[in-house]
Structures are given as C-alpha cells and as structure tokens.
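*Asks:* Following this note's numbering, the numbering of the sequence shown begins with 1 at its first residue and continues without gaps.
Hints were generated in silico from the structure; no laboratory data involved.
Any given hint might turn out to be false.
[Said to hold, decoys possible] In silico SDA-like cross-links for lysine to any residue, where the CA-CA straight-line distance does not exceed 20 angstroms: (1) K147 / P170; (2) K318 / P112; (3) K395 / A472; (4) K395 / G407; (5) K30 / L13; (6) K318 / E283; (7) K147 / P112; (8) K147 / G328; (9) K470 / G84; (10) K318 / G514; (11) K150 / D294; (12) K318 / G407; (13) K395 / G514; (14) K147 / H157; (15) K470 / G489; (16) K30 / G84; (17) K318 / Y293; (18) K147 / E128; (19) K470 / R453.
Being a predicted model, the structure only gives us computed values, none of them experimental.
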Amino acid sequence: MGGSQVNQALVRLYFEVMDGLRDPVAAWAKLTGNSEVYRRARGGRRVPLDDGTAAELTAAAIVHTVAEHGAGRVAALSTSSLAGLVGGLGGAVLTEQPSAPEQMLGRGFRGPRGDDWATAAHVMLWGENNRLARSPDTPWVIAGRYKGQKVVAIGPHPTRLSDETLVVRPGTDGALAMAMGHVLLREFYLDRPAFAAHAMAHTDLPFLVGLRERGGAFVAGGGLGEPADGLSVYGGEAVEVLLPRFDDGPGVLRRGVPVVRDGERLATTVFDLLLAVYGVPREGLPGSWPEGYDDRSEPYTPAWQEALTGVPAARTVKIARELGTTAGRTGGRCVIVPGRLETSHADTAYRAMLALLVLAGCRDGWVRQGPANGVPLVPYLCLHACGEDGTNVGKWCWPLADGTLSGRSARSVLLEAIGEGLPMAPSPRVLAIPRPIYPLPPDVELLIGPDDRCDLAPPDAQLVADAVAKLAVERGTPVPAEAEPPAGGRMRLLLDHPWMHEYGEALPTYRPPGPGLPVKPTQLILTT
C-alpha cells in the first residue's frame, strides 16, 4: 500500500466496474455515467490505495476525457504536480498570476525556465516570494550568484538570498517601478539611444495613437495601427494631453506631446505618450513637468516615489541604471521573478514592472511560476464559482472616462470580455489542484487535490504519465502533443482596449493600495 488516499465511494465503484471490464478507460467511462454517487460523497471518508492503482485511475480518467470531450476539459493549476503532464497533453494549465504578461508580451508567452535563471546577469525577486522557505527554484538563484549574477530583492520584508534588498511599503511596488521607468526613459532613450533599435523593431513605441479633444485639451484615443518614421514625432506642433493621476484623488496630469496630423485627426506615438506619462520633459512641450529626479511634486520621479515606498531616491536611480546597463551589455539577460502583490490594484503594479523589461529589451525576462502558456485562473473561477456581486465597476474609472462602464457589474463586463476573445478554460471534467479552492466549478468528475473534499490525493506524476502513455497505446488513442507558442510579435506598452482607456490604464500607471474590486475587468482583458 502506498500513500495515496481515495474517496471511499469512488474506489468502491471503480473496483466494481473493473471486475467485469478489465479495461481502466472503459471502466471510467462506465463509472462517470453514475458519477453523482461518489460526487455526493466528497468530503467523506478517504481510504488508502496503492500508488500504481491510483495512477491508473487518474490516467484512465484523463485518457477517456481527452478522447471523448477534448483535452481542454482536463485542467490543472500551474502549481499542481500534474500541471506539466496536463500541459503536455494540450489541457488547460490554470495560473493565479495576472494576465499582464500576455497583455504586454503576447499570447503564448512562456518566459524562462528555472535553469535559465542561472545564466541571467541580473535578477529581481520582486514581491512577497515566501522568504521564510526555499522554493524549488531557489538553487538556480544560488547557482547564478556563483557566476557573478546580481540579485536584488524588492518587497515588504528583507531577505538574505540577494546582494541587495529594497524594502518597500506594502502595495507601493508600482510606484517604485514607475520611478525606475522614469530613469530608463531619461538615461537610456533621451540621453543616449541605447535601446532605440530594439524599440523600433520589437515594441509598439513607434506606433501612432489618435488624440481626441476633452476638457480643453486632448486624451489618448485608439491606436491607428501604423508606425511613425521614428520613435517620436518631436520637433513640430505640440498639444497638451490629460493623463490619470491616481495618487492625488481625482486629479489629472496636464502634459504636452508632439503631434502630427492624420487627416483631420491629431496623432502622436506611444513613445511620446509614455514620456508624458512618466514625466520625462523635453524642451518646448506644454504642461507641468518635474524639474529633475529630486522633484517630489510631480509623478513619477525617484524623489516622488520615496515618500510612498520608503526607498531612497538615490537607490532607485542606482538599481534602474544597473538594470539598463546590464540589459544593454548582455542583450537583455535580466529577469524579474514576481511574487505576490496582494493589493486590489496589483495588475497595474505588474504592468509597471513589465514595462521595465519591455523598455530594456528583456522579452524572456518575466519568470512564470509553474508551466507557462496557461489560462488565467481568475476569470475561470469568477464565472464558475462567483455569483453576480452587483458592484458598480464604473466608479473605479478615472475622472475623464466616457461612462461606458457606469452601472455595470464585474461579471457582466467579464462575460463581454470573453465574447471578445478572452481565453478561458471550459468547465473541466478532470481537475488537479494543489490546495483547496471552493466553491468548486460544476461538472468535475475527478477532483485531484490535497484535502478530504477531493476525490483523490495527487499521485506520483511520473506514474500517471507512464500510465497515460500505456493506456493511449493500448487503445490506439493519439496523445496530443504540446502546441508550440505563437510566433512572438511586438511587446506592447499601450493596451488599446476601450476599457483600458476608461480606467485610465491604457499605459503604465500607479494606483495606490486601498479598496478595490476583487476582480477588476482590466486585469482580465487580452487584446490582439
């Protein structure tokens, strides 16, 4: 007998049908015809079962589900031991990380493997990365440090696993990231064009964005889908644009951008808008600008962030310079390992962090936890486990929004997002989870997890993989191969979706910690 634990009703029914069939896949097919019997018994007694039989039962459920219902009906959280197998079969690998990497780096983004950390030149452990216990990837960080790798830890608690630590106040990581972006834009784009060629070829920075009149000035409208001749159209006509400022209540920023005329419409580039957002001044542009890194009154300078995060301005400038210099010299061998940012506006902080990688040419620098190319868990659970909450998501928009979200709930907006192409897993029939998640999605016929409310404790992943291969060969069932990720497109700083403009989050920004929506639509939108 091994260490596996199985729901008593499930194992009894499984052995009953196996007596007459001797075929695990056929037995599972027959068993699921009466699945309500053991599904009602979830949370009851679990009995021990040898590892081989537990793996066989799991494999039978997977093979039958893939053959009859498609691989997408088999799902696993990315931190489950079975996530690699499920992903290799073409199933849904669910991730609790935000969808910001897909938004900015493109669909199918995978990121580096753990062993790639050892070859990185600069690593940022950003957020709460469980500093009290070593994760399975910790040895790769240690191996990289032996090769001279610089490791910087950023979070609310100090850590010994780094060369340098920036202790930030909880919920203010986005402010630090915005100030670092200010330094990168000033010193590596304007002072010297260190990443200009990268930005022209691999980002949306040279693309034109239409402007529309609002409040005696202009606001960013939709992208025009065509690039300018360079990153900027600076040197001719200029207008004042209104930008969100969430650190100052309902305030707005008034800053200037150079423009060109596209017929009767004014347009500027994403790069010019980005400089305005980050507060990087240029001669002759209207609006209110910071006077330098030491200006505390204007976002997003190093001195401005110091009052929010507690990180000295000089250290912010130093870390940003190290990131830019190392990325330039090594061809982008810098990575960010994101931890938990447990605030209601964490998605904006992740986007500000990702912007640093985009600006420094580090496409593969965002480290995912567990198998990549997953489906975001948040929208999946929102539809299947969360009801209509009645929250008015329009109240979280910026002051100059058009009001298209006013009076609407998070659920209704999310349903619309799915209709517009948000990737979302169908309700699974086989689901592997590493920890309790309730209420459960409906229609789960086999729930693999750690506690008594699950049907089966997670069996050995290699035993399950061997059993899946054996049963698939015996039945002549082809096992789907893992799909290759789509070819990489341009990395994006502008997320050109109407809802992003409503929230004032089409470009990187900072929202302070505080009350917010449990599920905010801008967290979930993926644009093409």
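*Asks:* The structure should be examined with respect to each hint, and the outcome stated for every one.
*Replies:* Structure-based check of all given hints:
Between K147 and P170 the alpha-carbon distance is near 32 angstroms, which puts this suggested pair outside the 20 angstroms criterion. For a cut-off of 20 angstroms, the pair hint linking K318 to P112 is broken: about 25 angstroms separates their Cα positions. The hinted pair formed by K395 and A472 fails the criterion: a straight-line CA distance of about 53 angstroms is larger than 20 angstroms. The suggested pairing of K395 with G407 holds, with an alpha-carbon distance near 8 angstroms, which does not exceed 20 angstroms.
Between the alpha carbons of K30 and L13 the distance comes to roughly 10 angstroms, so the proposed pair stays at or under 20 angstroms and holds. Our distance criterion of 20 angstroms between C-alpha atoms is broken by K318 and E283, whose separation comes to about 26 angstroms. Taken as a hint, the K147 and P112 pair is honoured in the structure, with Cα atoms around 18 angstroms apart against an allowance of 20 angstroms. This hinted pair checks out: K147 and G328 have alpha carbons roughly 19 angstroms apart, not beyond 20 angstroms.
A threshold of 20 angstroms between alpha carbons decides the hint, and for K470 with G84 the separation of about 18 angstroms falls inside it, so the pair holds. For the given pair, K318 sits about 29 angstroms from G514 by alpha-carbon distance, which is inconsistent with the 20 angstroms threshold. For the suggested pair K150 and D294, the alpha carbons sit about 27 angstroms apart, so the restraint of at most 20 angstroms is broken. Restraint check for K318 and G407: not satisfied, since their Cα atoms lie roughly 45 angstroms apart, outside the 20 angstroms limit.
Only pairs whose Cα atoms come within 20 angstroms are accepted, and K395 paired with G514 is accepted, the gap being roughly 14 angstroms. Between K147 and H157, the direct Cα distance comes to roughly 26 angstroms. Violation of the 20 angstroms bound is thereby established for this hinted pair. For the suggested pair K470 and G489, the alpha carbons sit about 39 angstroms apart, so the restraint of at most 20 angstroms is broken. A distance of roughly 27 angstroms separates the Cα atoms of K30 and G84; the hinted pair therefore is violated under the 20 angstroms criterion.
A C-alpha spacing of about 12 angstroms is found between K318 and Y293, which places the hinted pair at or below 20 angstroms, so the restraint holds. The suggested pairing of K147 with E128 is violated, with an alpha-carbon distance near 25 angstroms, which exceeds 20 angstroms. For the suggested pair K470 and R453, the alpha carbons sit about 29 angstroms apart, so the restraint of at most 20 angstroms is broken.
Going through the hint list in order, the structure does not satisfy hints 1, 2, 3, 6, 10, 11, 12, 14, 15, 16, 18 and 19.
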